[in-house]
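Asks: The primary structure of each chain is shown beneath.
There are 2 protein chains.
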Amino acid sequence: MSRPAVEALLDVIRDWGADRLFTCPGSTEAAVLDALVVRKDVELVLTTHEGVAVSMADGLARATRRPSVAYLHANVGLTNGLSNLYAAQLAYSPVVVLNGIKASSIQARQGFTTAARMRDLVHQYVKSDWQSLTTEAIGEDVNRAFRTAVTEPAGPVWVGLAQDLLESTAEVPVPDVAPFRFDPRAAPSASAVRTAVDLLAAAGRPVLVAGSEVARAGALDRLVRLSEQLGAPVLHEDRRGFERPGFPTDHPHFRGQYEVGHPLVREADLLVFLGARLFHEFEPARVPPLPAGVPIVHSHTDPKYIGMTYGVDAALVGDQGLVIEALSAALPAAPPRAVPPALPTPPRRPSVPGAALRPADVVDVVTESLRGAVIVGDATTAGGILQQRAHQHSGDDYFVSSSGSLGWGMGAALGIAMGLPDRRVAAVLGDGVFQFGMPALWSAARSDLPVTYVVMNNQSYAAVGAALRRFGGEAVERQHYPGVDIAGPRIAEVSSAFGVPGRRVDTLSELRESLEASRRADHPTLVEVMTDPTEFGP
Amino acid sequence: MSRPAVEALLDVIRDWGADRLFTCPGSTEAAVLDALVVRKDVELVLTTHEGVAVSMADGLARATRRPSVAYLHANVGLTNGLSNLYAAQLAYSPVVVLNGIKASSIQARQGFTTAARMRDLVHQYVKSDWQSLTTEAIGEDVNRAFRTAVTEPAGPVWVGLAQDLLESTAEVPVPDVAPFRFDPRAAPSASAVRTAVDLLAAAGRPVLVAGSEVARAGALDRLVRLSEQLGAPVLHEDRRGFERPGFPTDHPHFRGQYEVGHPLVREADLLVFLGARLFHEFEPARVPPLPAGVPIVHSHTDPKYIGMTYGVDAALVGDQGLVIEALSAALPAAPPRAVPPALPTPPRRPSVPGAALRPADVVDVVTESLRGAVIVGDATTAGGILQQRAHQHSGDDYFVSSSGSLGWGMGAALGIAMGLPDRRVAAVLGDGVFQFGMPALWSAARSDLPVTYVVMNNQSYAAVGAALRRFGGEAVERQHYPGVDIAGPRIAEVSSAFGVPGRRVDTLSELRESLEASRRADHPTLVEVMTDPTEFGP
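Chains A and B, in that order, are what the protein sequence lines are.
So that you can map any letter, position 395 of the first sequence is 395 in the UniProt record's numbering, and since no number is skipped, the others follow by simple counting.
So that you can map any letter, position 153 of the second sequence is 153 in the UniProt record's numbering, and since no number is skipped, the others follow by simple counting.
Because the hints were derived from the structure by calculation, they are not lab data.
For every residue, glycine included, the Cβ atom is placed at its ideal position computed from N, Cα and C.
Warning: the hint list may mix true and false statements.
Derived DEER-like restraints, expressed as beta-carbon distance ranges [claimed, not checked]: (1) A:Asp41 x B:Thr534: 24 to 32 Å; (2) A:Pro303 x B:Glu477: 35 to 43 Å; (3) B:Thr507 x A:Glu368: 48 to 56 Å; (4) A:His523 x B:Val352: 31 to 39 Å; (5) A:His523 x B:Glu510: 25 to 33 Å; (6) A:Glu368 x B:Thr534: 43 to 51 Å; (7) B:Glu510 x A:Gly218: 52 to 60 Å.
Given only the sequences and the hints, what does the whole structure look like? Please build it.
Replies: In structure tokens form, the structure reads like this:
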């Protein structure tokens, strides 16, 4: 079949099941916008910043496990979207980035909003980057982009589409996408499975570490079975690599988050990392992050992460669902070991009534009041507490980004809500984060998505304060922390001015009341909760 | 002299006369922040988004014609700042970008917020990109960065500073910067000047086109003299390349902006482009942008732009002040020609009282009420009218960016106000633009700078609407323009919530009143003026 290029482009998008196109458009996208006046099989989702277009597409892809499309404009639109594209990359999110580019002659002359090497800008954040060279190639190029995005390990791809090629009225081939939509998963080799199973069978105190890739593969149930078959406790992966829960926090085998100092890790005689990174380090470790002398089984969808820093005793490359199935099937029948009992939760420092709210108390109220909601975390210093306390039964109950790309959560929450239409979504944000994601409020206001934004406003870049504390220099000596105080904005009012009703609260009871009200709302809302600015970090 | 690396770094910054450091910091900047607890010779200017840090530094550099410093954090901070760095590049703005990078071991392991090739991300936007390899090299590397930034053609540079190198307590050499601060200007060769002067002397109807580089060189007075010496009319450069005025709009020889259809261009027998681009094209021209058969003299500081697309009859590479001086000195004594009279201004379509405000009327009120203020333009579709009507006596009276980087003006206005402390500054913005620059409101609220933000709110991406009109497809047929309607935000309220008092106005008299009040304020204010959403483009 042949069709004008822009129709071929939209046909390919539709045939890959991506029925939305997230964009903040410019003149280079006129032909696509014009086609969408008539076509209804692909929905134009307008955003007011490219960071929002990318994070919404990313959120939708994470929630649906299907490819999504962000359409960016020129070099400036691409660079505006890069930080959130980095987030998509770390989550193996198959976001197809289409990028409108000025007409060929304008590119050659370094005209308005061009870059001599567009592909260099995006290269590090995508699995492939290609600029279509002819009108005829557009359908094929975009089809290949989708195929590349979804092939495991999945991830973002980029296709540049010059305005003159896209606006051509020439009829171009429309590929039949069906033969490209194969099962892209890999299973580990039988010998690798045998090596891992031998280690598991020989271990007396194995600990499983559930990584984000388990959730992306939809394999929590299989990991539950493996854990029960073995009688092995399960930890979530280290916080810095965590993207989503790989094991139910309400399962009796769940024992918290991986840390080398965790009592189970200290006692373990085998560590099995499934779909986790070893590690996504924040700074040079003061103590080695793996216990000395303990054998390591490491499985990951992405072979580049196996043996990247630490050698392993068994390596299992492949889809985490298939890896876990293979381990379960190959394990010799044996009575399950007894899982060591959970340690008692350490007592909480009691709150002082009337004092500034502590982040931990706020997180407790949020996770209790919004129980059942999907939590999207984008709070730098409160993120650790949130991760410990958020209820995570399924792999879709909690989403964060390990990218450090502030503001990602505001758009991602909307994409996730689109992808999980039966769920309420709560995005828990810091006040610093909020300022990076504000244009998402426009998109929220235009939607009727059941999203609650909770902004924990400690009026600080608390992470910078924590870094100055660790640095231990003049700032600590004089108790003066430059670059930390960002007090001022009345965030709830900003939100209301965008059309997302906002309320600022100073007490836990007001917070509860606001969250309850948000559960009944049929549109996005925002609660700004004032927290203690002196409590740096978790 | 030897000092710890971070002190050497700050010494070099100070010795180059850059006494402010614009940043949105993270943990990699702890050592620098800590040093600034004690040191007062470099001021930390905190921002809440890297785009703001870069645009403030750019504005300051443009206004002072001196280098400035933006300190970004990790890969995500860099990518957040790239669009505004592109703006700085097009303006030849010597912004020294320092970039905190994770410790060396974290980079190698692809840890948190790292990029395998940081330099590739920024390469296209800077004159040099280098990551310091040793602690000892930091002083030298940053000194070389300043030297490179200010050497003509000037422009941004980038230096990556890994946390472990910067935090080393080793004493490192502090370079004496004096021998590096030479006069970096080039003058054109004598033979090139002779060729150009021969063409000028032979021409009967020469037209001078004053580019932005004339203003950057501070050479408006010299261009006035040349124009009077010749009796030649002067046009500003084409709108798409325009960054700042190269000729006083109140001089009797000023005749508007370059267009190939301009009556003087049609009549000219010589065109002399001084510090302008030929051209910074927006889209393929429907008619050639140069008149056939007319000799061209083209001068630019940046040799890459001479002969990039169109051949020339004389080329003058160098600083525009030196170029113009050389032409003036070499011109044979001759009575000046008579400058053709200005054409009468075409009559304005009268406004209908009570109807939606027309952008042209709003611009008239803004430019009249704020006469004497520096205008910073960042309004996509109203930009053309603003440029025509803003009073531009000096090269510092009007600043825009030719980058298409929306939101640049909100931070740039603050940097320009810092650089021109005796001037009031008004930033004229579109409502789409506003959403890209919002974090600048935080910086504005923290300052006592005399900045007035005027947001022309037509509730539209009018440029997208204009593109759909030019495309002439189904959107026009059905009068349905997708991707255009961005109505909703109450911009004045957003501003007030940030601590920048905002007011929404619907009439020209309210607008006048608000602008008058803003002139008396000792802090930034914002006026949101509702304009006609149906009037796409100028």
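Asks: Verify the CB-CB distance for Glu510 (chain B) and Gly218 (chain A) against the hinted window 52 to 60 Å.
Replies: Since Glu510 (chain B) and Gly218 (chain A) have Cβ atoms about 57 Å apart, the given range 52 to 60 Å holds.
Asks: Does the Cβ distance between His523 (chain A) and Val352 (chain B) fall inside 31 to 39 Å?
Replies: 36 Å, holds
Asks: Please check whether Glu368 (chain A) and Thr534 (chain B) have a Cβ separation lying inside 43 to 51 Å.
Replies: About 50 Å separates the Cβ atoms of Glu368 (chain A) and Thr534 (chain B), which means 43 to 51 Å holds.
Asks: Taking 24 to 32 Å as the hint, is the beta-carbon distance of Asp41 (chain A) and Thr534 (chain B) inside that range?
Replies: Since the Cβ atoms of Asp41 (chain A) and Thr534 (chain B) sit about 30 Å apart, the hinted range of 24 to 32 Å holds.
Asks: Holds or violated: the 35 to 43 Å window for the beta-carbon distance between Pro303 (chain A) and Glu477 (chain B)?
Replies: 52 Å, violated
Asks: Using the C-beta atoms of His523 (chain A) and Glu510 (chain B), is the stated range 25 to 33 Å upheld?
Replies: 31 Å, holds
Asks: Do the Cβ positions of Thr507 (chain B) and Glu368 (chain A) conform to the proposed distance bound of 48 to 56 Å?
Replies: At roughly 50 Å between Cβ atoms, Glu368 (chain A) and Thr507 (chain B) fall inside 48 to 56 Å, so the hint holds.
Of the numbered hints stated above, the single one contradicted by the structure is hint 2.
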